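Chemist: Residue-level listing of the chains:
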Amino acid sequence: QKEVEQDPGPLSVPEGAIVSLNCTYSNSAFQYFMWYRQYSRKGPELLMYTYSSGNKEDGRFTAQVDKSSKYISLFIRDSQPSDSATYLCAMEAGNQFYFGTGTSLTVIP
Amino acid sequence: NAGVTQTPKFQVLKTGQSMTLQCAQDMNHNSMYWYRQDPGMGLRLIYYSASEGTTDKGEVPNGYNVSRLNKREFSLRLESAAPSQTSVYFCASRGTGEDGEKLFFGSGTQLSVL
Chain A
1 QKEVEQDPGP
11 LSVPEGAIVS
21 LNCTYSNSAF
31 QYFMWYRQYS
41 RKGPELLMYT
51 YSSGNKEDGR
61 FTAQVDKSSK
71 YISLFIRDSQ
81 PSDSATYLCA
91 MEAGNQFYFG
101 TGTSLTVIP
Chain B
110 NAGVTQTPKF
120 QVLKTGQSMT
130 LQCAQDMNHN
140 SMYWYRQDPG
150 MGLRLIYYSA
160 SEGTTDKGEV
170 PNGYNVSRLN
180 KREFSLRLES
190 AAPSQTSVYF
200 CASRGTGEDG
210 EKLFFGSGTQ
220 LSVL
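If you read the sequences in order, they're chains A and B.
The opening position of the first sequence corresponds to residue 1 in my numbering, with each subsequent residue numbered one higher.
The opening position of the second sequence corresponds to residue 110 in my numbering, with each subsequent residue numbered one higher.
Wrong hints could be hidden among the right ones.
What follows is a list of derived Cβ distance ranges for each label pair [claimed, not checked]:
| # | chain 1 | residue 1 | chain 2 | residue 2 | range |
| --- | --- | --- | --- | --- | --- |
| 1 | B | R186 | A | Q96 | 13 to 23 Å |
| 2 | A | D58 | B | A191 | 35 to 45 Å |
| 3 | A | E15 | B | G149 | 22 to 32 Å |
| 4 | B | P192 | A | G9 | 26 to 36 Å |
| 5 | A | N95 | B | P148 | 20 to 30 Å |
| 6 | A | A93 | B | E161 | 15 to 25 Å |
| 7 | B | E161 | A | P81 | 34 to 44 Å |
| 8 | B | P192 | A | P10 | 40 to 50 Å |
| 9 | B | G149 | A | P81 | 21 to 31 Å |
| 10 | A | K67 | B | Q126 | 44 to 54 Å |
Simulated from the structure, these hints should not be mistaken for laboratory data.
Bear in mind the structure is a predicted one, so any value in this text is a computation, not a measurement.
C-beta atoms are modelled at their ideal positions from N, C-alpha and C, and glycine is treated no differently.
All chains should be built: construct the whole structure from the sequences, respecting the hints.
Modeler: This is how it looks when you write it as structure tokens:
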């Protein structure tokens with residue numbers, strides 16, 4: 001079993017839709033939870049990170065962590081064509097970062 | 110504002126050939142990482158270096174060696190390339206202070222082994 005599981009999609013939504021991306025994990029030692037966005041043929045870029053359980057909001061993006069269920073989510077409101085990318089969840093423990101496989105998102109104008 | 114610079118961007122090798130992927134960061138970061146990214150497998154850690162002079166194996170180290178030449182540079186070497194090493198390779202460095210949980214990635218090296 002992989003430490004981090006993520007549905008690869010692909011996910012296709014109309015512009016303006018609310019998008020929900022999710023990951024589950026098995027390692028209780030994870031404390032920091034991150035979402036990276038990766039455009040085609042580019043390196044990943046950090047979108048948001050949260051520490052422990054709870055919600056964090058940044059503009060149209062909300063990251064949610066539920067440590068009791070070992071489940072994290074990223075919500076994108078009012079999705080835009082520029083949001084079309086692959087979204088990777090990541091978690092950190094012991095100076096190592098563990099990534100999900102990524103979910104490919106396409107927002108259709 | 111260079112950030113993390115990787116060279117080369119593309120490379121084609123024949124089975125058995127060797128090569129070194131170069132990575133340099135200009136942000137004075139301590140920790141550096143090498144990942145490979147394959148379809149359906151996500152980013153998998155090959156090696157990392159928590160600080161200058163130290164290196165540690167990650168999830169998939171077989172067939173690779175690394176050198177942390179100084180604080181800026183962290184190279185990845187394939188001694189005898191195999192088709193299974195066809196992948197996109199990313200170097201990253203870990204931020205400090207407020208950016209301590211942030212990985213800064215290079216633009217990647219697309220490697221094909223024939």
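Chemist: Run every hint past the structure and note whether it holds.
Modeler: How the hints compare with the structure:
1. Distance hint check: the CB atoms of R186 (chain B) and Q96 (chain A) are about 21 Å apart, consistent with the given range 13 to 23 Å.
2. For the hinted restraint 35 to 45 Å between D58 (chain A) and A191 (chain B), the CB-CB distance of approximately 42 Å keeps it satisfied.
3. Taking the beta carbon of each, E15 (chain A) and G149 (chain B) are about 28 Å apart, inside 22 to 32 Å as hinted.
4. Take P192 (chain B) and G9 (chain A): their Cβ atoms lie about 28 Å apart, and the range 26 to 36 Å holds.
5. As the Cβ distance of N95 (chain A) to P148 (chain B) is approximately 27 Å, the hint placing it in 20 to 30 Å holds.
6. Restraint check, A93 (chain A) to E161 (chain B): a C-beta distance of roughly 23 Å satisfies the suggested window 15 to 25 Å.
7. For the pair E161 (chain B) and P81 (chain A), the beta carbons lie near 43 Å from each other, so the given range of 34 to 44 Å is met.
8. For P192 (chain B) and P10 (chain A), the Cβ-Cβ distance of about 27 Å falls outside the hinted range of 40 to 50 Å, so the restraint is violated.
9. Restraint check, G149 (chain B) to P81 (chain A): a C-beta distance of roughly 25 Å satisfies the suggested window 21 to 31 Å.
10. Roughly 46 Å separates the CB atoms of K67 (chain A) and Q126 (chain B), a value that falls within the hinted 44 to 54 Å.
Hint 8 from the earlier list is the only one contradicted by this structure; the remaining hints agree with it.
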